[in-house]
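A.B. asks: Numbering (this note's numbering), first residue to last: 71 to 350.
Hints are computed from structural coordinates only; laboratory data are not their basis.
No false leads were mixed into what you were given.
Restricting the straight-line Cα-Cα distance to at most 20 Å, the calculated cross-link-like pairs of lysine to any residue (SDA-like) are:
{"#": "1", "residue 1": "LYS320", "residue 2": "LEU200"}
{"#": "2", "residue 1": "LYS72", "residue 2": "LEU82"}
{"#": "3", "residue 1": "LYS320", "residue 2": "MET211"}
{"#": "4", "residue 1": "LYS320", "residue 2": "GLN225"}
{"#": "5", "residue 1": "LYS320", "residue 2": "ASP196"}
{"#": "6", "residue 1": "LYS320", "residue 2": "GLN218"}
{"#": "7", "residue 1": "LYS320", "residue 2": "ILE267"}
{"#": "8", "residue 1": "LYS320", "residue 2": "GLU204"}
{"#": "9", "residue 1": "LYS320", "residue 2": "GLY263"}
{"#": "10", "residue 1": "LYS320", "residue 2": "PRO226"}
{"#": "11", "residue 1": "LYS320", "residue 2": "VAL227"}
{"#": "12", "residue 1": "LYS320", "residue 2": "VAL179"}
{"#": "13", "residue 1": "LYS320", "residue 2": "ALA205"}
{"#": "14", "residue 1": "LYS320", "residue 2": "GLU210"}
{"#": "15", "residue 1": "LYS320", "residue 2": "SER234"}
{"#": "16", "residue 1": "LYS320", "residue 2": "PRO217"}
{"#": "17", "residue 1": "LYS320", "residue 2": "ALA241"}
{"#": "18", "residue 1": "LYS320", "residue 2": "SER233"}
{"#": "19", "residue 1": "LYS320", "residue 2": "VAL223"}
{"#": "20", "residue 1": "LYS320", "residue 2": "THR199"}
{"#": "21", "residue 1": "LYS320", "residue 2": "SER246"}
{"#": "22", "residue 1": "LYS72", "residue 2": "MET84"}
{"#": "23", "residue 1": "LYS320", "residue 2": "ASP224"}
{"#": "24", "residue 1": "LYS72", "residue 2": "GLN83"}
{"#": "25", "residue 1": "LYS320", "residue 2": "ALA260"}
{"#": "26", "residue 1": "LYS320", "residue 2": "ALA261"}
{"#": "27", "residue 1": "LYS320", "residue 2": "GLY198"}
{"#": "28", "residue 1": "LYS320", "residue 2": "VAL183"}
{"#": "29", "residue 1": "LYS320", "residue 2": "VAL248"}
{"#": "30", "residue 1": "LYS320", "residue 2": "LEU197"}
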Amino acid sequence: MKRFFRVTLLGLQMLAVMLLSAAITLRIALHGHEVTIPELAGMTVAEASQAALRTGVGLNIENRFYSTTVPAGRILSQTPAAGTTVRHGWQMRVTESLGPQQVTIPDVVGEPVQQASMNVRRTHLDLGTLAHIEAAGDPEMTLAQTPQPDAGVDQPVVNLLLSSTAHPSQAFVLPSFVGMTDTAANRWAAALGLKVIAAAAMGSTPQPTTPGQPQPAATASEQAAPGQALAAPAPSGGMVTAQWPESGFKASPGDLVRLTVDTSASPSALLSHSASASPQ
Numbered sequence: 071m072k073r074f075f076r077v078t079l080l081g082l083q084m085l086a087v088m089l090l091s092a093a094i095t096l097r098i099a100l101h102g103h104e105v106t107i108p109e110l111a112g113m114t115v116a117e118a119s120q121a122a123l124r125t126g127v128g129l130n131i132e133n134r135f136y137s138t139t140v141p142a143g144r145i146l147s148q149t150p151a152a153g154t155t156v157r158h159g160w161q162m163r164v165t166e167s168l169g170p171q172q173v174t175i176p177d178v179v180g181e182p183v184q185q186a187s188m189n190v191r192r193t194h195l196d197l198g199t200l201a202h203i204e205a206a207g208d209p210e211m212t213l214a215q216t217p218q219p220d221a222g223v224d225q226p227v228v229n230l231l232l233s234s235t236a237h238p239s240q241a242f243v244l245p246s247f248v249g250m251t252d253t254a255a256n257r258w259a260a261a262l263g264l265k266v267i268a269a270a271a272m273g274s275t276p277q278p279t280t281p282g283q284p285q286p287a288a289t290a291s292e293q294a295a296p297g298q299a300l301a302a303p304a305p306s307g308g309m310v311t312a313q314w315p316e317s318g319f320k321a322s323p324g325d326l327v328r329l330t331v332d333t334s335a336s337p338s339a340l341l342s343h344s345a346s347a348s349p350q
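With the hints as extra help, turn the sequences into a complete structure.
C.D. replies: See below:
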């Protein structure tokens, strides 16, 4: 009997040692290859790559932004932040600075998509979203663009709204109505099938909502057909000073657009802008 207990005790001791060894091995496996993320901001891409390699993590340039404070070719931001503990081999995501914006956004409205694409890339910009909307005339013609010509931008990306005689999606890139007369903005919105709510700049401005979330239900005084002004019409000749959603967001026929109109602007100054900005 004593021999049996001694053998049993010895077996339990061996099992305990095995479990302890397994726990230590597992801990080493889980934590023995952890590394601390270095600070890469301000480094050149080559320097950041070497620092990541020495640390034991990968480096992925996820975005490129213009910056007036960080020279071109240097790291603007990083994820995860410096000091974060991650597993060996973790892929870091960084944003490279393009330096101050030195390109001019070309005006490609009215051009076929092939020519517009070449003109965009010729200025070292990239094509972003290509949205379509049914429109009369030739297909694949550029109806609108964001950013607007000569505008300041954060990223080297231009989004285009193209015409289509038959396209399965009616979604398109919302153009900018800012700077147009209220008449021109309503005419363009009507052509796109949008509903418009206008408010005087000195009056109560509609509260913005997050793009993509449901808009507040229109009141009885705000119900109208697509393209018609839903609020009391602003005096003809007023200038649109703000809009929501902003240009560049996805929109569809029947969506609601809220415009702020400045009625103190000069009608003669607005007329020339309206003629150049209105869709053909």
